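A.B. asks: Sequences listed follow chains A and B, in order. Counting with this note's numbering, you get residues 69 to 182 for the letters of the first sequence. Counting with this note's numbering, you get residues 2 to 116 for the letters of the second sequence.
Do not take every clue at face value.
[What the hints assert, rightly or not] Pairwise CB distance ranges (calculated):
hint, chain 1, residue 1, chain 2, residue 2, range
1, A, GLY69, B, ASN29, 14 to 22 angstroms
2, B, SER82, A, GLY129, 30 to 38 angstroms
3, A, ASP122, B, THR6, 34 to 42 angstroms
4, A, VAL150, B, GLU60, 34 to 42 angstroms
5, A, GLU84, B, ILE61, 27 to 35 angstroms
6, B, ASN52, A, GLY129, 33 to 41 angstroms
7, A, VAL150, B, SER10, 39 to 47 angstroms
8, B, GLU86, A, ARG135, 36 to 44 angstroms
9, A, SER126, B, GLY17, 45 to 53 angstroms
10, B, GLY73, A, ASN127, 28 to 36 angstroms
[To be verified] Chain A stretches covered by chain B per the calculated footprint, using a threshold of three residues with CB under 8 angstroms from any CB of chain B:
hint, stretch
11, 107-120
12, 138-145
Worth flagging that the hints you see were computed from the coordinates, not collected in a lab. Since we're looking at a predicted model, the values are computed, not measured. Note that beta-carbon positions come from the ideal geometry of N, C-alpha and C, so glycine has one too.
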Amino acid sequence: GDSVTQMEGPVTLSEEAFLTINCTYTATGYPSLFWYVQYPGEGLQLLLKATKADDKGSNKGFEATYRKETTSFHLEKGSVQVSDSAVYFCALSGLLSSASKIIFGSGTRLSIRP
Amino acid sequence: EPEVTQTPSHQVTQMGQEVILRCVPISNHLYFYWYRQILGQKVEFLVSFYNNEISEKSEIFDDQFSVERPDGSNFTLKIRSTKLEDSAMYFCASSQGEVWTGELFFGEGSRLTVL
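Just chain A, same shape as in the assembly (with noise of 0.2 angstroms):
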């Protein structure tokens, strides 16, 4: 079935470092995938989506790129802030196989030190 792999935390950087995220997935057709982010004692809440091979989704000064050849969605950020600490979901959405539900990965968790 589908499903989505992401880098295990946690991952712990000093404030202006640069982030990656890995995300790689595996889905039947072409899902539309997501990053979502929970800050602590929140709900989930949409970070950035990408829908279609090679489209770039970014927010907040986050950014990823819809990778079909290489079926990866990684996150990228190029100066974190301490107000980035939470925890990441890499997540995807197939029309075939999955089409009323959300697949979550595991959640990689950030803290960033002043």
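The hints should help you fit chain B onto chain A, whose structure is shown.
C.D. replies: Using the frame of chain A, we list chain B on its own:
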């Protein structure tokens, strides 16, 4: 800004008791979901609901679980006889269309502790 609201924020119950978790989705949304997250683990899909019936459910969503939309605003998850392993954060979510076209909007969660 419209939001998904959930009650209670935290419930403690004894094993074997019935629990009802309540959610008010965003008013013009048509698709509703329950997910759960056991402490430190991944967010797991439980069930999706559309047009007053279940669209899809996971293996976790066994006969002990049920969902209902009793009126035009509430969406409930009932656990008939709770087990210790049901302790988790339960998230309600809603979306305007099918998920592959857009995003899910999540509530802040209901933490269930089964003793």
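A.B. asks: Would you list, in rising numerical order, the hints stated earlier that this structure does not obey?
C.D. replies: Of the numbered hints, 1, 2, 5, 7, 12 do not hold.
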